[in-house]
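Engineer: So the chains spell out like this:
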Amino acid sequence: MKQPSSHIKTLQIDGQDVGANQDETILEVARENGIYIPTLCEIEGLSPHGGCRLCLVEVKGVNKLLPACVTHVQEGMEVFTNSPRLQEYRRTILELIFSEGNHICAVCVVNGRCDLQALATKLGMTHVSVPYLYPRRSVDASHDRFALDRNRCILCTRCVRVCDEIEGAHTWDVSGRGVQAHVVTDLNTPWGDSDTCTSCGKCVNVCPTGALFEKGKAVAEMSKKRGFLPYLTQMREKRSK
Amino acid sequence: MMIEELHKIAAVERDEDNRFQHHIHVCMETACIASRSDHVKQALTEAAAGKPCRVKGVGCMGLCSAGPLVKVEPEGVLYQGVTPEDATEIVAKLGDSPVSRLECDTETPFFKRQTKIVLENSGLIDPERIENYIAADGYLALHTALNTMTPAEVIAQIAKSGLRGRGGAGFSTGLKWTTVAKSQGERKFVICNADEGDPGAFMDRSVLEGDPHAVLEGMAIAAYAVGASQGYVYVRAEYPLAVERLKLAIRQAKKLGLLGENICGTTFSFNVDIRLGAGAFVCGEETALIASIEGKRGQPRPRPPFPAEYGLWGYPTLINNVETYANVAPIIRKGADWFSAIGTEKSKGTKVFALTGQVVNTGLIEVPMGITLREIVFDIGGGIPEGRKFKAVQTGGPGGGCIPDEYLDMPVDYESLLKIGSFMGSGGMIVMDETSNMVEIAQYFMEFSKTESCGKCVPCRVGTAQMYELLDKVVKCEATMDDLLLLERLCDVVKNTSLCGLGQGAPNPVLSTLRYFRHEYLARIQEGNRETAFVSH
Amino acid sequence: MSKVRFATVWLDGCSGCHMSFLDMDERLIELAELVDVVYSPLVDPKQFPDSVDVTLVEGAVSSDEDLEKIRHIREHTQYLIALGDCSVTGNVPSMRNPFKVDEVMNRAYIENATVQPQIPNVSVPTLLPRVRPVHTVVKVDVYVPGCPPSADTIYYVLTTLLRGEVPDLSSRTRFGV
Ligand SMILES: Cc1cc2nc3c(=O)[nH]c(=O)nc-3n(C[C@H](O)[C@H](O)[C@H](O)COP(=O)(O)O)c2cc1C
Ligand code: SF4
Ligand code: SF4
Ligand code: SF4
Ligand code: FES
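Chains as they are written, first to last, in my numbering: chain X, 1 to 241; chain Z, 1 to 537; chain Y, 1 to 177.
FYI, nobody ran anything at the bench for these hints, they're computed from the structure. Hints are not guaranteed to be accurate.
Quick look at which bits of chain Z chain X covers, simulated, 3 or more residues with Cβ under 8 angstroms [stated by the list, open to error]: (1) 446-456; (2) 462-468; (3) 488-497.
To be clear about the criterion: a stretch of chain Y counts as covered by chain X if any three or more of its residues have a C-beta under 8 angstroms from a C-beta of chain X, and this derived list gives those stretches [what the hints assert, rightly or not]: (4) 24-36; (5) 46-60; (6) 114-128.
Backbone N, C-alpha and C define an ideal beta-carbon position, used for all residues, glycine too.
Start from the sequences and build out the full structure, keeping to the hints where you can.
Structural biologist: Below is the structure:
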């Protein structure tokens, strides 16, 4: 028989004593305890990605910053989620994201409902202090119902993961390296020609920005419906038990 | 394969060798072949026909810049820059006075100051003949390990030797093996990292081309120690010759029962397969490499879990560098104490470097840890050509740093290099003289990091592109002091928030040149200040 | 105490931020008690005065004229406030930035023109290669994002500054409002 007590870890987050299951991440425990850690690539119900780096936290005795979304709790850990240094790093990372694409919120379908835009406000990013790169990126509007505007894509890979892990189609993937990296459908063929896409719309709904949207939506009209994700994962977990 | 058989193969091979009065070794590695050593070998073979002389292709003899290299044994005469037309003369003069016009002095520090463990067979044996390796005590260590040592004893030897990973970070090899050995898993894997993507580096390629069995033997011993039965060599497709030799070596070892099922008559089985990388630098990072073998996009994932616990297809996996494996058999054969007597307190053994740049002797060198940079650059390297002044030496590849002359007397070991803002890395060593501009050097490395970034994490993906643009402004005398501040701020963010070593190391060339050659940045900024547009960010 | 010398300027923007400013309605009268509007598209003077305490800048820097103007203004202003997304981020005007000026001009005046296709070149300022947010050209003291920032936000910013405090905008406005 397993001994339940050894599965419970106690730790401190921002000075607050908290208890956690040993298989939980710092992020999960923080959320359960109402402690906010900013996230962007992470979305409940999909595997963690660890790419946006906004959830980095400090852990006493560890000289590297650790991503809360993938780091598991340990007994006696002392976690700090919001030091001035972390705030500064997060703002710069956000600025880098904004500088990398072409984000014109005023004319964006998700204006007012965008995870990235909301984070910029929440983390106090007043302006972008790194030079804008103004890349020339393509739009794919070949699908009947949806469209992809790569100008607003932040490469969080939520679309890739939901399509692979939940829908099982693996229509999306990432192609290219560095700032040239971009999402593609099938073997880099137009989305509308995709043999694998089931048109379920899951990617559109998990996309944190206005990169993926429903056609026919005007500025600020698109809102994302994410309720399906925790529901589906929960149902599947039950079934596999 | 029993020990007697092994000895017999060695004896036959030696007898065969002894039938010849002279042996002519022709380097048959990529660098010398590029200067037509294959034609030289052909011509020499024709010229030597019917004479008591045997011509054989061997691995690197070190002084790549002087290739094609040819060595005559037992006299130990080394010829440089040999052409096919020289063949008849060389053969004719065998046993007589050497062809002085081609002779290369081997009494110089370049040859005398080296200590060879990893490259002990390089230039001596024919990498395409397993018998030649066996005659040089090859596979003796594997035999000893399998028949006289427990896996724990093997690991204890490696741990005691103080061997540390040669792929970059210098993690204790013994500790890594212990972790994999302790990890629970239905299967375990052993991987050899031969991705070698640093610009200017060719140590691993040389080892694979010149002595592939040394790597296979090391892997087999490792597999025995950690309990793995399958190995992979992940090698970049740009190394066709290394791949060919490896394939051949695997076939030969299997045929002799030194790989495959029931090795050396024991219950231990171990197979090795080759996986080709498509030339992405990041695929040298262990988790990206594993993803690539699994057929996925080659990009790193956060660690922990480390491959030792959760590696290839989720199984415990040992991943070591080519040079690390090449050290294993000598350690088992000669003992941990022999090995740990070489080097410094914390960095044991030798390190192979690819010495390049503004230095007289460029090529492949193996030196004991703790040797000074001055000895490498000025003694072994022969100093800077045309009497120019030394400026800096770059180690650690795109994640390393530029070291100025004030540190020339510092010992070369993992800790010392780290302390002065550089990094051991896998063994690239680029010497720069007074004509080099350090801002341009920093920009060169940043361009490399920017194009090789996998794009997974924001700070590395965008940060390297931004830093590159800022460096470009400095180079073009268009930058302001605010740009310099921004550059330093981005270095800090990218170094501390990137996911893998590529991003974490990418700012190092900038940071180290800012630390030691800041005036070169300032000069370019001041030059541009005549046009005094106020630009702030 | 003398009144605060106050100016507003309009670079490459749509005038929406100025409309929003006017939307302060009766609060403008209250502000008029505290400030002198010494320069603005909304008042007469044609010359930017020598010393101004606070200037609101609407719009991005898109042409050589904008560039000259904003540099001059910066030199003669104590507090420069970037008002609205165009001045803070480049916003809609910057949508031309991934393209070259020639391409943009051709598209606008030749390819899409139904009558008299020609690129205007007399008495119009020359476009810069790229539209730039104000802070990339001169130092900005306060950033007020929004497209446009609401009248309430502008009122809050001005009254806070007039009290000698630094406005905190995090919960009041955002990009693209
Ligand atoms: C960007 C990057 C590239 C790397 N490239 C190599 C490489 O080409 N060869 C190598 O052996 N290790 C490389 N490494 C280090 C590996 O991740 C790993 O640490 C190493 O293979 C472990 O072997 P060792 O312990 O024998 O050094 C690289 C690491 C990073 C972050
Ligand atoms: S995706 Fe979000 S941040 Fe980007 S333009 Fe649209 S609203 Fe703005
Ligand atoms: S399209 Fe959307 S979900 Fe997909 S990577 Fe881009 S931002 Fe993320
Ligand atoms: S640091 Fe660079 S190479 Fe490493 S994961 Fe991030 S983007 Fe990829
Ligand atoms: S949320 Fe953890 S890295 Fe993106």
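Engineer: Now, for every hint given, state plainly whether the structure supports it.
Structural biologist: Do the hints match the structure? See the list:
1. Under the rule that three or more residues need a Cβ within less than 8 angstroms of chain X, the assignment of the region 446-456 of chain Z holds, with 7 such residues.
2. Given as covered by chain X, the region 462-468 of chain Z passes the check, having 5 residues with a CB less than 8 angstroms from a CB of that chain where 3 are the minimum.
3. Three residues within the 8 angstroms Cβ limit are the bar, and the region 488-497 of chain Z against chain X gives 5, so the coverage statement holds.
4. With 0 residues bearing a CB less than 8 angstroms from a CB of chain X, the region 24-36 of chain Y misses the requirement of three and the coverage assertion fails.
5. Coverage of a stretch by a chain is defined here by at least three residues with a beta carbon nearer than 8 angstroms to that chain's beta carbons; for the region 46-60 of chain Y and chain X the count is 0, and the condition is violated.
6. Judged by the Cβ-Cβ criterion of 8 angstroms, the region 114-128 of chain Y is not covered by chain X as claimed, because only 0 of its residues qualify and three are needed.
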